[in-house]
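Got two chains here, separate frames each, mind docking them using the hints?
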Amino acid sequence: MITRGGVMLPSERLDFSAIGQRPKLALPNGARLAVWVIVNVEEWDPTQAMPRTVLTPPAGGAPMPDIPNWAWHEYGNRVGFWRILEVLDHFRIRAVLAINGSAIQRYGSIARSAFERGWEFIGHGFTQQSMQKVADERDDIRKTAAAIRGFTGKHPRGWLGPGLTETWETPDLLVEEGFEYVCDWVLDDEPVWLKTRTKPIVNLPYTQECNDVAMMLIQHHKASEYYDRAIDQFEQLYDDAAQSARIMALVVHPYIMGAPHRLKYLRNVLARIRDHRGVLFWTGEEILDWYLVR
Amino acid sequence: MIPRERCAYSAIVDRPPLKLPNSARIVVWTVVNLEFWSISRPMARQVLPAPTGEVLVPDVPNWSWHEYGMRVGVWRFFDLFARLGIRPTLSINARVCREYRRVARAARDAGWEFMGHAWEQMPIHKVEDQAEMIAKSLDTLARFAGTRPVGWLGPGLTETYDTPDLLAEAGVKYIGDWVYDDEPTEIKTAHGPLVTLPYSVELNDIPMMLVQHHESGYFTQRCIDSFERLYREGAERAKIMAIAIHPYISGQPHRIKYLEAVYEHISRYEGVLHWNGAEILDWYLSTRTER
Chain A
1 MITRGGVMLP SERLDFSAIG QRPKLALPNG ARLAVWVIVN VEEWDPTQAM
51 PRTVLTPPAG GAPMPDIPNW AWHEYGNRVG FWRILEVLDH FRIRAVLAIN
101 GSAIQRYGSI ARSAFERGWE FIGHGFTQQS MQKVADERDD IRKTAAAIRG
151 FTGKHPRGWL GPGLTETWET PDLLVEEGFE YVCDWVLDDE PVWLKTRTKP
201 IVNLPYTQEC NDVAMMLIQH HKASEYYDRA IDQFEQLYDD AAQSARIMAL
251 VVHPYIMGAP HRLKYLRNVL ARIRDHRGVL FWTGEEILDW YLVR
Chain B
1 MIPRERCAYS AIVDRPPLKL PNSARIVVWT VVNLEFWSIS RPMARQVLPA
51 PTGEVLVPDV PNWSWHEYGM RVGVWRFFDL FARLGIRPTL SINARVCREY
101 RRVARAARDA GWEFMGHAWE QMPIHKVEDQ AEMIAKSLDT LARFAGTRPV
151 GWLGPGLTET YDTPDLLAEA GVKYIGDWVY DDEPTEIKTA HGPLVTLPYS
201 VELNDIPMML VQHHESGYFT QRCIDSFERL YREGAERAKI MAIAIHPYIS
251 GQPHRIKYLE AVYEHISRYE GVLHWNGAEI LDWYLSTRTE R
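Respectively, the protein sequence lines represent chains A and B.
When you line the first sequence up against our numbering, it's residues 1 to 294, in that order.
When you line the second sequence up against our numbering, it's residues 1 to 291, in that order.
For reference, chain B alone in the conformation it holds in the complex (with noise of 0.2 Å):
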């Protein structure tokens, strides 16, 4: 199926308003994602592409500048949420809860959601076959995490034309790919419908510090502009905003600060809910059933 025939076009000034309990405005939604980036194979990013452009196997310099996230800057997002008491959403390889175990059992201690990211980090296109992937990365994150998860974001968001149909066949409830809306939406699928969440390719350190090569400090700014302006729609209609982090990235020590100034601005508001995605999940499917 392609998009259009998951789900019709819809302007959001044309739906009735969605509305989070306790008059709260908006959702913050704070995703973190751990990969496991193979050194059989092309970099899944680089900070220093080879001299000329080559693509090197291994890439060294590149790998490690991944692994600094994990040995290092991880530790940062820990402390980091841990003093705010937030509980991110953990977007997660399941490759990881073997090969970085440790951070893996930090997250899980934590309480935070664990959310199916695919095996390692690769398109999805490349994988021969989707649904075993699925199946065994859902697997060993249920295993690993004691409840299996209920949500799924694809590595670099990416998806086949049949992928929602193999996600909502292997039991999850909402994903993260489709960036499309400020609100959940409901697409169809082979196996019956299938939530859609605002993940974000906005404020996300990927695109922002990677593609766009943005300077360390535009990442508060870009999240506060944000921030005020679904803020202030949110007197109307619920507002979800995602941030979208990874360790290797706004863990670096240059970096870390200015997400610390996103939360200390945050919390300087009324009307702010901190929730995972199964929360978020939730309260879409019990406002729905209310209605």
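Isolated chain A, as found in the complex (with noise of 0.2 Å):
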């Protein structure tokens, strides 16, 4: 293994590999398909800048402190989560939560809920912040996973960076505290390995395609789109699945889809996806746990 003062590149992570000259993955039952659902419920700090805005002040700049792009990622929280749980109830899908570990006590019910339902938790920094600003990454993985045990009785078994920021370090401190899957490299449909200086680590397709953030408040596209993208999104990736399995991830964030003008735009993806056959709603270690043993 090449490393640079410790430092692993992502090209020494993992080889170049072409999907289609890879041994066929199948899911159980002749599955073509697996689709993940995840959440992201977040803490923004109202005395740092916000992650992300809706709304720049007259004449721009950033003043601080930001207290309206503050309350529009609030509402997620207190009212949007609500919607979307509803519609993951009404189709029975069980998601995954990728959580900060202060917003674990912050929003204990929707910790609850999302217990009480069988979703995956799932580790997502313990601020919303980029994990190059954390002043101790270690420290800022092992709260996040204690955090999420001392709620849940379990250790995460998955990682999203915040925003899917990563140190050269992330994969290496992740193996280390105890963590089996990330989901930061958006690189394939399929699971790959990812190699650290101890054990190596998989990572599962997570989406910046299919991702409320990035199409709403990046590409700023109508509501619809995020329908009409995951609908091409899927129709494709079934077609792929002809010749072995793929991964489908869907990406939501409370304060984005939750909105009252997005949500039936998800609702209309899920009841349109549910309608073909062959499609499995998997949580993440359900993923891991069937590509481990394959």
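The set of hints was computed from the structure by calculation and includes no laboratory data.
A few of these clues could be false.
Unchecked claim - For each label pair, taking beta carbons as the anchor points, the in silico distance ranges come out as:
{"#": "1", "chain 1": "B", "residue 1": "Arg268", "chain 2": "A", "residue 2": "Asp89", "range": "27 to 33 Å"}
{"#": "2", "chain 1": "A", "residue 1": "Ala214", "chain 2": "B", "residue 2": "Arg98", "range": "34 to 40 Å"}
{"#": "3", "chain 1": "B", "residue 1": "Gln212", "chain 2": "A", "residue 2": "Arg138", "range": "35 to 41 Å"}
{"#": "4", "chain 1": "A", "residue 1": "Gly278", "chain 2": "B", "residue 2": "Thr289", "range": "43 to 49 Å"}
Unchecked claim - If we take Cβ atoms under 7 Å as the criterion, some of the chain A residues that face chain B in the derived model are:
{"#": "5", "residue": "Pro46"}
{"#": "6", "residue": "Pro57"}
{"#": "7", "residue": "Ala59"}
{"#": "8", "residue": "Ala62"}
{"#": "9", "residue": "Glu74"}
{"#": "10", "residue": "Tyr75"}
{"#": "11", "residue": "Arg78"}
{"#": "12", "residue": "Val79"}
{"#": "13", "residue": "Gln105"}
{"#": "14", "residue": "Tyr107"}
{"#": "15", "residue": "His220"}
{"#": "16", "residue": "Ala259"}
{"#": "17", "residue": "Pro260"}
{"#": "18", "residue": "His261"}
{"#": "19", "residue": "Phe281"}
These numbers were taken from a predicted model, which means no experiment stands behind them.
By construction, the Cβ of each residue, glycine as well, lies at the ideal position given by its N, Cα and C atoms.
Pasting the structure below:
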């Protein structure tokens, strides 16, 4: 293994591999596709700059504190999450809750509702800030795992960096802190192994494409584009899966897809996908366990 | 006080539902924003940044783009709301009463509610003496409109940590800056409780047209999508839907019909109340007392 001062480049963590040239992956009962739904629940610190904004101040700049954008995000946890929950309950989908460690206590009723439904909890940083700005990354990962374990009684198996951010060392630290999979590497439609300085870790196919942050807050699409894109994505992956099983992720945030004008487009996506045969709605750890024993 | 100290987290599903009179399901709260943009400072918003993105003072093209709203666009609003019989809330920089007397008079004569919206359009963080600015704004509006405003919206919804304290001290009863719920809520201040009303940054032509750059027609779609969802939820618990508009944006000839289409759609439903902020506040305070 080539390392530079202990730093592994992404290309050293995994070799290039073309998807069509790998052994076939098969899901149980001839299913073609596993779909996993990730709900991101965050706590935004009102004394810091907001991670995302909907409204810029008059004449620009970034005056602090930024109460309106803090409140806009808080809406997701007070109101929007409960709309998303109703939709997932309706389709009996157990989602993956990617949650900031601090949010478990702050938004106790959200964590309880997810736990009661058997959702999977994965680490998402202790607070919503770039992993490159965290003072002590290992400590942040540990605190997050401890917050989840303290609440669910189970050490989390999966991790999603806040904003998918990583340092050079993140995958190494995650393995050392007991994590089994990460979702920051959106480089494939199948799970892959990433080498670390100890044992390897699995990366599951998360998405920046069917993700409401990228689509609504950065690309500024209409809400209906979430539906159009997700269905286009699904149909292509469903076709691709004739050769070998595929994984599809759908990512939502309560403050974005939980807005009254957006929710129905999420509902319609799930309704349409449910109409297809050979689709499994799985959590991350179900995908992981299948991948490990296949 | 940071926001958390003013109000603990609360999930909407854990609260007893609020009920509107006569089994109404939803309140539509229309808020028209009138502003004064000082030519001696960078413009609050720009439709056209200068070549290479430089910030220019004076910025005549963007000043005049906003001025169009006061000269032309706002009259399309007056016409629309007169036809509909709706009296919106007017979120007004107090200086507008001096600089655009004709416009302020039209709103007053039409019976619109005047809501404080600072003295002129700039982030409240840059105001040297906030207490003085708040007092001057409210006094000016009270003198002009004949009644003292009970509501306040920060310019661009901006607040510093002590803004709610200063507002409560000045006699303000509700604010629109906290877009964090579908229901009114109460927050703590150093001078007693202050009510938050659910203003909107979603159904608001600034984020939609100037930040997200949506097509004009999307305004109708998003408002209808919101309305239908909230109307459904309104069967169980009262919902409030704010529509926030600015004459220089939604008053444009190519946009006004999409605003009209929103109200036309809403008019087909029963159980919809068009209330202003003061009316929503009175209802909220009275339902809470009954409870």
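Cross-check of the supplied hints:
At roughly 30 Å, the beta-carbon separation of B/Arg268 and A/Asp89 lies within the given 27 to 33 Å, and the hint holds. Judged by the Cβ atoms, the range 34 to 40 Å given for A/Ala214 and B/Arg98 is violated: they are separated by roughly 45 Å. For the pair B/Gln212 and A/Arg138, the beta carbons lie near 39 Å from each other, so the given range of 35 to 41 Å is met. Between A/Gly278 and B/Thr289, the C-beta spacing of about 58 Å breaks the proposed range 43 to 49 Å.
Residue-level restraint check for A/Pro46 holds (minimum Cβ-Cβ distance to chain B is 5 Å; threshold 7 Å). Taking 7 Å as the C-beta contact cut-off toward chain B, the hint placing A/Pro57 at the interface holds, the least distance being around 4 Å. With 7 Å as the threshold, the beta carbon of A/Ala59 comes within range of chain B, its nearest partner Cβ sitting at about 5 Å, so the hint holds. Proximity of A/Ala62 to chain B is violated relative to the hint, the smallest CB-CB distance being about 10 Å (cut-off 7 Å).
Against a cut-off of 7 Å between C-beta atoms, the interface hint on A/Glu74 holds, since the closest Cβ of chain B lies about 4 Å away. Of the supplied interface hints, the one on A/Tyr75 holds, with its beta-carbon coming within about 5 Å of a beta-carbon of chain B, less than 7 Å. Interface hint status for A/Arg78: upheld, as the beta-carbon distance to the closest one in chain B is roughly 5 Å, under 7 Å. Interface hint status for A/Val79: upheld, as the beta-carbon distance to the closest one in chain B is roughly 5 Å, under 7 Å.
The criterion of a C-beta within 7 Å of any C-beta in chain B is not met by A/Gln105, whose closest approach is roughly 10 Å, and the hint is violated. A least Cβ separation of about 6 Å between A/Tyr107 and chain B falls short of the 7 Å threshold, and the interface hint therefore holds. This hint holds: A/His220 has a C-beta 4 Å from the nearest C-beta of chain B, less than the 7 Å allowed. Evaluation of the A/Ala259 hint against chain B yields a held restraint, the C-beta minimum of about 5 Å falling below 7 Å.
Below 7 Å, beta-carbon pairs count as interface contacts, and A/Pro260 has one with chain B at about 4 Å; its hint therefore holds. The criterion of a C-beta within 7 Å of any C-beta in chain B is met by A/His261, whose closest approach is roughly 4 Å, and the hint holds. Because the closest C-beta pair between A/Phe281 and chain B is about 23 Å apart, greater than 7 Å, the hint is violated.
The structure fails to meet hints 2, 4, 8, 13, 19 from the earlier list, while all remaining hints are met.
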